[in-house]
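Per full-length UniProt numbering, the sequence shown runs over residues 1 to 337.
It is possible that part of the hints are untrue.
30 Å max Cα-Cα, derived DSSO-like pairs, lysine-lysine [to be verified]:
{"id": "1", "residue 1": "105", "residue 2": "261"}
{"id": "2", "residue 1": "115", "residue 2": "220"}
{"id": "3", "residue 1": "105", "residue 2": "115"}
{"id": "4", "residue 1": "115", "residue 2": "332"}
{"id": "5", "residue 1": "297", "residue 2": "220"}
{"id": "6", "residue 1": "211", "residue 2": "114"}
{"id": "7", "residue 1": "163", "residue 2": "332"}
Each pair of labels, with its calculated beta carbon distance range [to be verified]:
{"id": "8", "residue 1": "62", "residue 2": "237", "range": "29 to 35 Å"}
{"id": "9", "residue 1": "62", "residue 2": "178", "range": "22 to 28 Å"}
{"id": "10", "residue 1": "118", "residue 2": "230", "range": "30 to 36 Å"}
{"id": "11", "residue 1": "183", "residue 2": "160", "range": "31 to 37 Å"}
{"id": "12", "residue 1": "237", "residue 2": "183", "range": "50 to 56 Å"}
{"id": "13", "residue 1": "313", "residue 2": "198", "range": "44 to 50 Å"}
{"id": "14", "residue 1": "179", "residue 2": "61", "range": "29 to 35 Å"}
{"id": "15", "residue 1": "328", "residue 2": "179", "range": "35 to 41 Å"}
{"id": "16", "residue 1": "121", "residue 2": "247", "range": "32 to 38 Å"}
{"id": "17", "residue 1": "72", "residue 2": "113", "range": "47 to 53 Å"}
Just so you know, the hints here were simulated from the structure itself, not pulled from any lab data.
Quick caveat: nothing in here was measured; it's all calculated off a predicted structure.
Note that the Cβ used here is the ideal one computed from N, Cα and C, for glycine as well.
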Amino acid sequence: MSHVCDLRHSSQQRRILNPPSEVRDQTCNLMAPMTEFLLLGLTSHPELQVAFFVLFLVVYLVTVIGNLGMIVLIRIDARLHTPMYFFLSSLSVLDLCFSTNVTPKMLENFLSEKKTISYAGCLVQCYVVIAVVLTEHCMLAVMAYDRYMAICSPLLYSSKMSKRVCVRLVIIPYVYGFLLSVMETSRTYNLSFCGDNEINHFYCADPPLIKLACSDTYNKELSMYVVAGYSNVQSLLIILTSYMFILVAILRSRSAEGRKKAFSTCGSHLTVVTIFYGTLFCMHLRRPTEESVEQGKVVAVFYATVIPMLNPMIYGLRNKDVKEALRRAIGKQKLGK
């Protein structure tokens, strides 16, 4: 009899210490809704705030100038009006959107005592981050397919990669990314936040937000992993399959110059793909624990600020056509003066 009483007593204790999600939801609903979040940022040391502000301001300016410059250069130079550069300009737009969505608020918080972001502003930031990342997944796959068509089917390239086809290949990733982001952001919106409002990050991202939720996060976490996993696998399969055929075509080529040109063309894209997926795997494919959020914050700095800055440099400095187009543009400016 005493054993049964002990079991009942321990069961009651467990229910008190670990209330079910319905009880947590009811408790949360009684509290005032969250109106703003506090972004803890990269560091809590005041002496580093100004140094970080200067560093990331320079990185942001280089990012904006580099990506805008790439977009304008491709637009004004007729020799760059090809599918490859059309897709490259779309990638620059995405990098510009991501950096502009994250960096200005981060710079503001470096110099501000109150490092807050409104609830609505946080959701908007979340939406843009997810939309751009998912769109970039597809865009990198499209660029790999374009290289496959150019190298493996050069005679059919002009007809297969017409202007109409290229426009569709850009629209589809944007529709995919921005619609899926609506679904993911709405799941975040449906979470209940109460009590602690400190986000251990320098921008609003899903993993640290999930840690703050006082309602059941199972559906949100499951959806996040499924979408991230599917997008990664889908785009990686297209990229790897395309480059497998490209490698076979290059090895069969008897022209040393043709091989060199093919490797040069694909090298830039492969570099960007490696950096992009390497950082994404580190950031998102882990359960949002305190340790993983802290590590993800460090990786996110590289992804949010450094990669958008590097992409135009990688494609520009390694690409003969882009460098020649830049020389022509500078030459025209000098003649105009």
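(request) Note whether the CB distance of residue 72 and residue 113 lies within 47 to 53 Å or breaks it. (result) violated (38 Å)
(request) Please work out if residue 105 and residue 261 have their alpha carbons no farther apart than 30 Å. (result) violated (42 Å)
(request) Starting from residue 115, check that the Cα of residue 220 is at most 30 Å away, please. (result) holds (26 Å)
(message) I want to verify a distance hint. Is the separation of the beta carbons of residue 183 and residue 160 within 31 to 37 Å?
(response) holds (32 Å)
(message) Against the range 22 to 28 Å, how does the distance between the Cβ atoms of residue 62 and residue 178 compare: consistent or not?
(response) holds (27 Å)
(request) Hint says 44 to 50 Å; check whether the CB-CB distance for residue 313 and residue 198 agrees. (result) 36 Å Cβ-Cβ, so the 44 to 50 Å window is violated.
(request) Given the range 29 to 35 Å, decide if the beta-carbon distance of residue 62 to residue 237 lies inside it. (result) Once the Cβ atoms are compared, 33 Å apart, the range 29 to 35 Å for residue 237 and residue 62 holds.
(request) Using the Cβ atoms, figure out if residue 328 sits within 35 to 41 Å of residue 179. (result) holds (40 Å)
(message) If I claimed the Cβ atoms of residue 118 and residue 230 lie 30 to 36 Å apart, would that claim hold in this structure?
(response) holds (31 Å)
(request) Given the hint that residue 105 pairs with residue 115, test it: the Cα-Cα distance must not exceed 30 Å. (result) holds (9 Å)
(request) Below or equal to 30 Å on CA atoms is what counts here, so check residue 115 against residue 332. (result) Violated. Residue 115 to residue 332 sits at ~46 Å, over the 30 Å cutoff.
(request) Assess, step by step, whether the Cα of residue 163 is no farther than 30 Å from the Cα of residue 332, and give holds or violated. (result) Cα-Cα ~28 Å, so holds.
Of the numbered hints listed earlier, those contradicted by the structure are 1, 4, 12, 13, 16 and 17.
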